[in-house]
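Engineer: Going down the list, the protein sequences come from chains A and B.
Mapped onto our numbering, the consecutive letters of the first sequence carry residue numbers 5 to 742.
Mapped onto our numbering, the consecutive letters of the second sequence carry residue numbers 5 to 742.
Be aware that one or more of the hints could be misleading.
When chains are identical, the list treats them as one kind, so a pair holds in a single copy or across two.
[Unchecked claim] Using 30 Å as the maximum straight-line C-alpha spacing, the simulated BS3-like pairs for lysine-lysine come out as follows:
1. K445 to K290
2. K378 to K127
3. K469 to K190
4. K290 to K372
5. K523 to K24
6. K654 to K694
7. K676 to K688
8. K460 to K190
9. K378 to K407
10. K516 to K501
11. K190 to K445
12. K407 to K290
13. K61 to K725
14. K654 to K290
15. K523 to K619
16. K44 to K460
17. K688 to K605
18. K290 to K679
19. K443 to K411
20. K619 to K606
21. K676 to K623
22. K290 to K411
23. K606 to K679
24. K509 to K605
25. K576 to K523
26. K611 to K523
27. K611 to K576
Derived from the structure by calculation, the hints contain no laboratory data.
Protein chains: 2
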Amino acid sequence: MNTVSDASVKNSLDAIFQPKSIAVVGASRREEAVGYAVFKNILMGGFQGIVYPVNPKAESILGVRCYPSVLEIPNEVELAILIVPAQAAVQTFRECIEKGVKGAVVISAGFKEIGAEGALLEKEIACLSLEKGIPLVGPNCLGVINTDAAVAMNASFARCSMPKAGNIAFISQSGALCTAVLDYAKGVNIGFSKFISMGNKANVTELEFLEYLGRDEQTDVILMYLEDLSHPRELIEICRKISGDAGQHKRAAIQPPKVKQSRAVGAGHPKPVLAIKSGRTLQGAKAASSHTGSLAGSDEVYTAIFAQAGILRVDSVDELFDYAKAFSGCRLPSGNRMAIVTNAGGPGIMATDACVRYGLEMASLSDKTRAELKKYLPPTASTMNPVDVIGDAQHERYEAALKAVLKDKQVDGLIVILTPQAMTDIEEIAEVIGKIVSKSKKPVLACFMGIVDVSKGVAILEKWKVPHYRFPESAARALAGMARYAAWISRPRTECKQFAVDQEKAQSVFQKAELEKRKVLTDFETMGLLAAYGFPALAMELCKTPEQAAAAAERIGYPVALKINSPDILHKIDVGGVRLNLDSSKEVFKQAGDLLARIGKKMPQAKILGVTVQKMSSKGREVILGIKRDPQFGPILMFGLGGTYVEVMKDVTFRLAPIRQLGAYNMIHSIKGYKILEGVRGEKPADLGKLEECLERLSQLAMECPEIEELDINPFLVYEKGRGGVVLDARILLRNAG
Amino acid sequence: MNTVSDASVKNSLDAIFQPKSIAVVGASRREEAVGYAVFKNILMGGFQGIVYPVNPKAESILGVRCYPSVLEIPNEVELAILIVPAQAAVQTFRECIEKGVKGAVVISAGFKEIGAEGALLEKEIACLSLEKGIPLVGPNCLGVINTDAAVAMNASFARCSMPKAGNIAFISQSGALCTAVLDYAKGVNIGFSKFISMGNKANVTELEFLEYLGRDEQTDVILMYLEDLSHPRELIEICRKISGDAGQHKRAAIQPPKVKQSRAVGAGHPKPVLAIKSGRTLQGAKAASSHTGSLAGSDEVYTAIFAQAGILRVDSVDELFDYAKAFSGCRLPSGNRMAIVTNAGGPGIMATDACVRYGLEMASLSDKTRAELKKYLPPTASTMNPVDVIGDAQHERYEAALKAVLKDKQVDGLIVILTPQAMTDIEEIAEVIGKIVSKSKKPVLACFMGIVDVSKGVAILEKWKVPHYRFPESAARALAGMARYAAWISRPRTECKQFAVDQEKAQSVFQKAELEKRKVLTDFETMGLLAAYGFPALAMELCKTPEQAAAAAERIGYPVALKINSPDILHKIDVGGVRLNLDSSKEVFKQAGDLLARIGKKMPQAKILGVTVQKMSSKGREVILGIKRDPQFGPILMFGLGGTYVEVMKDVTFRLAPIRQLGAYNMIHSIKGYKILEGVRGEKPADLGKLEECLERLSQLAMECPEIEELDINPFLVYEKGRGGVVLDARILLRNAG
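Please put together the full structure from these sequences, using the hints given.
Structural biologist: Next comes the structure, spelled out in structure tokens:
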């Protein structure tokens, strides 16, 4: 996919979001027409520049003089909005270019989403915009909105009026979702800085929008709805910068292909990026591909990309805005320890459950805090966390409790719960919360349970910009999201390591395989390649006859294992091609003969190179390390526990290569069965350092050897801490061969 | 805990919910007093009977003549509402009894929830109500509400007025949550049949309320918020009846202790019961215990109880009402295959993801349906599922699509999504949906995305009683809840089996242990007991010397295992007390001597009875079966996969004993690693029938042998289908001994 060139991004997206003049090409007098809605929205939205309707059949629209063509507008036009039939779009865009526009938004549908014919038109218009360096949003989109009072542009056909201004930016790949989100936001009084419908992303994609929003002073939080993604490594880089990475790290030599060096976005403060990526399930992905005509990668890979980019992934629109409210209104917590202040025991328990479920800790209040609480609360009140100010609490009690708890150094954040009981002075309590929160350096989320009775209180909370929720679960989830993001931006910054490896050896293996037109490497090539990249391997020899095997076993030392060696047999165990724990030359001789005979008979079509004699390893914990080259996303690294049971549980984790040291650490720590590596039942911890190193070596291998299509080290045996590990078995498939 | 006797339930709760006359003892003229709020709510709520305020210091309240004591009311009083200090409550209740009331609601706080002193008062009042057979709701509650127009009683101090009438009943153990729920329901226009704050449940508990609501004609759906539960087996029985079990099954001889034979509740149609049980996490449970003064059982056990009762367990209030809306407005689906009709691709994908995530299948539409859809939809519309009627769809297109899809026999239910796009005629579409849904035998949930623009459409959906949601995820979750409940009520009804077992043998084992004051059974006793209950065991002999062991091995046949036999050693492997795979008498002799010597030296304090010689089993899949006696809930059955890895994953499931055959089946099928039992990598399926049987035998053992505190069969080896399995190792701990 082509995207606008780097140099032009800043200027060009300024033309999209802050044009001084707009031409609405295809503006209409018919009230049901999209061209009417767009023009009306710009005009009535209070646009601060000049807007020109273009329509050869109309004299004027909504009282504004109309032009038959964009070329006939006597003044400069910065931004063109196109609402013309797809067939006419390319020609119209050419005219706009001729007119000298600096940006375009193509609202018209009828492109890629309708099939091959539309895709062709889309390619044409995309090439044109790329060639001329004119950023083009869409086609097939709802438009863009900038609420900044200096611009005040609603260049969309959304049915509602200009949304409220706010510090949240929303980017969507679904125009229809935009209409729903705008309506939802209006209902819950949420404001936006920029509102962007990306449409088919023919030219401008989420990358450029993110980069722009990272620098946008009106934007503090960025929300995205995505159905696919084309440049994951660039996304990771940009999002890391938006989250505060200044890009000043020394770079290791290895670099992902095609990474653009973006300018310092997000230089001010970190801006959280939250995203919904739909099509998570197989069925959903199928629906998505029939909807957008694009093929999305597997969900695990998206999870990996988002983890590496520091994007908080959410599953639904309400979750998205629950988080956004918290991020847009509060400081980040400096830790994980949360307190709850409530006038109701039950909801306090529910909030506690939810906090723990979402990974937060319940703060343990200091004796000083508890003594302070006892001073102001009745004897039946709980001064433990959750702090229960009791059902008849009024604002004084809330005030005392909030002040005492927020002062506690063991508390990183707070949820304050109100249920509308008979004595509850809801509005006064809301005022008290607002005043305290406005001065607090710790995040405070309010949960006013209910709708009607609490509504005036909620309005007061909004006045004070206190994030508020109807139910404790949503508040706890949002607070947990903040804590995760806070942990992300304060994570240790590590680098991609560059190990000294034997690249020549690797190349010679690939060349030999290519010469022989083989797609599968032999065991010896595989082990040799891994050894060249510094992986620990077991002593082994390839033997053609039982005699040779017996002699090799004597050299290697007992016990040994025998494995059939054939480029045509990938899963040796499945065909009975492995014999373990042989401890004499006699036994090796006998079993080697048997193995060769049986497999030869069982798989007469397989080319058998001999048997591999390999030193038996001592016992260790089995893990799996792998590389898979995704047709769309390039090399993906995989890590998981070994063993049949765990394979059934699918306890594996993925990352896009390359990974930094922290990435390797996170992979190891993010599997469910991590405890097994830590040691259970008195077992000592496994050598996690060695695992980390091997994952980093794997990452380097994946980046330096594009010849590899798939690599599986299964199992890798990891020994106790300090004792390393060993590759027990591995297989490598090459690309473009066979 | 004491509960009202069976015989009195029906009459007594009629007195609570349908009194002809009420005395509000502790009614007040002070507007901020609870006694004012309660009296006002009854009076202004339009109560159809007579209400008498009782207060020695007032002449009248709100214009109604006041009485100094309940005894001085000249007429009959059916229900007494007590709002007096806890210290005076017992005496006041005595007067009410003297007056002849048939029920009481004690709103006053100051009982168990404040500590020992209050608990004593609570016990006194509970005993009194039990003794006199007068049902008492509370203490420490918000009150009860009956919206039935013939009664119209709001006997609560909720700050909002009489809630809207509806077919949903709500029972809560938290009064404060009641206030929040009432306010929430008012905001989203949900109505209730009965609204019940249970308070401390001193006398009337959820059991009696459930039984009452099961028969209540106004109630179709029952919601509960629980913090603890005292009579799980009764709850299971009652909920099963409410869900349509007529209680006509032949009962097996074994019965849980203390099961009350309830009358046929829910005789009409099945009523779904949904519950939040808070205190799920350790920290939440701690908060709950400090709040209610009660100790709740472990969360897994609650999950088991709810599964056995057919209660849908949810985690939050909004989830609870999302489900309730669906259940109260729709027919149940007859299967799992759902369709989606949408005017927006993105939300369609999100709905698909959510359906699959929540366990639904995406229906595959028949050719006939697709042909029908093609007739009415534009060529770019998707006639696959999700059906995309395209953004410019108006009501005609929705109508055609809904009719075609609902007619399809491969569709069991439907979600219809609307986003408010420029051309969308929201109100007309809502009307169309309403008309179609009112005639549909399949459930249809609407998702009108947004708030403001869609509000008029939503009002129309409410007029037609179409359950509606803001986001597709909530609709999908609710639909999945309906499908699960539909599967539950149409599940095969099985019985508790009664196997012929050797109870005498079991008793002799317990007696011997009791005589010897042993808490731990020996291996031989354990295996003997299991054999007496029909579990398959391996041939084994206890030997005191290496010579005996060698001789025993000759009798048993090779290979054999040796295990140290000591009542003081529970985990034999951990102390190195096991030798496997011995295949000659010489080897057995040598290893037995070594074992006895080493363990004797390593654990000099352990009483060593000898070594057990046991036949080595053939290979099978390891599972764990167990019994644990919960101090609160009695015997709990456990099932899980064996092996260290799986133990780390905590892949186990629980049920309260006794279980029916279906319960055993469900236990086996509900573990995450179930696939391993089905067979992976070409393995044949395990003998699931034998596992089922063993779980049923375990259930019988648990019920018939209260002497057992804990039993662990770990591992049980299960062989391929038809080949049974075998107990490899087991241990039994007894109660009240040692």
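Engineer: So which hints don't hold here, by number, going up?
Structural biologist: 5, 13, 24
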